[in-house]
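*Asks:* Sequence:
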Amino acid sequence: MNSLSARLHENVRRISHSTRGHGHGPIVRLMSPSDFGQLLKPFVFLDLFETDLRLFGSMPLHPHSGIATITVITEGNLRFDNPDSGTGLISYGGVEWMRAGAGVWHGKELSAGTSSRVQGFQLWIALPAELELAPVDSQYLEADAMPHAGPARVILGDYQGVRSPVRAPAGITYLLVTLAAGQRWEYQPPAGHEVLWLSVSRGTLHSPEPILEGELVAFEHGNGALTLEAGEQGDAVFVLGSAVPHPHDLKMGSYSVHTIVQALNTGEANIQRLGERLRAQASPVSGTRSIPIYK
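Here the sequence shown is numbered in the UniProt record's numbering, starting from 1 and rising by one per residue.
Just so you know, these hints were derived from the structure itself, not from any lab.
This one's a predicted model, so the numbers in the text were calculated from it and none came from an experiment.
Glycine included, each C-beta is placed from N, C-alpha and C at the ideal position.
There may be inaccurate statements among the hints.
To be verified - For lysine-lysine, the following DSSO-like pairs were computed, each having C-alpha atoms within a straight-line distance of at most 30 Å:
#1 41 - 295
#2 251 - 295
#3 251 - 41
Said to hold, decoys possible - Distance windows between CB atoms, simulated:
#4 85 - 38: 12 to 20 Å
#5 192 - 254: 29 to 37 Å
#6 209 - 180: 17 to 25 Å
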């Protein structure tokens, strides 16, 4: 056993599944509700995106219900311009949170910032039954508003006594972490958080198994600690999620995830009505300016 394996072997949380996803232009889809989302629910969807900001803004307006979306930036920045939240830049550690609840249309609320390129993750979580048809809720939080504990920005939930300002459901922790080359870090999930996964946007980790750039790995269910060490070639940047398992089978539509069929039908009817209103009010859109979410 080499020295790295020996140092990490003392507290191993083994990888059960891994994927490099499927690329769609500037987006790599690492998790969907029909694949890894079944294993890792309430985490049901994860995209890793990286693009030249001259091309940013090609995402069409589209609907959701029953979920929340969380966008974090790992390199570069994006601009928000919202009547309720003002204007600002979301850079490393900043967050866009949107609880779709009973129904929303979105996709253009963020626009090009000051950087030439941007990289980040968009995550969906399946909402609990009491929130899956709740009113829409959104937050835009710049990096200096987000707390950290050591090398981890606390995006959702609590970690080491530090609480995120994002209005997320209980039982979920989501971190954005950067480890310097060779740096070691341990994550102890909160009680009941049997679901655990991470995805690397830059660099390499050892757990002691290697986890490579662009990879999503799921760990065996349990509550044991996870010990990680960054590779020697440079910083490792990754997101990590842990949660109490979602107790419901996923009821899925094209853009919706709910706990029961009746809630799915209600959510899809709501977003259809919203879509009809949106099309009736729509005016031609030019450039890459922000368009507030439609609710």
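*Asks:* Determine for every hint whether it applies to the structure shown.
*Replies:* Hint-by-hint comparison with the structure:
Taking the CA atoms of residue 41 and residue 295, the gap is about 26 Å. The hint holds against a cut of 30 Å. For the suggested pair residue 251 and residue 295, the alpha carbons sit about 22 Å apart, so the restraint of at most 30 Å is met. Distance hint between residue 251 and residue 41 is fulfilled; the C-alpha atoms sit about 12 Å from each other, no more than 30 Å. For residue 85 paired with residue 38, a C-beta distance near 34 Å fails the hint of 12 to 20 Å.
For residue 192 and residue 254, the Cβ-Cβ distance of about 32 Å falls inside the hinted range of 29 to 37 Å, so the restraint holds. Separation of residue 209 from residue 180 is about 20 Å and conforms to the stated range, judged on CB atoms against 17 to 25 Å.
Consistency note: the structure conflicts with earlier hint 4 alone.
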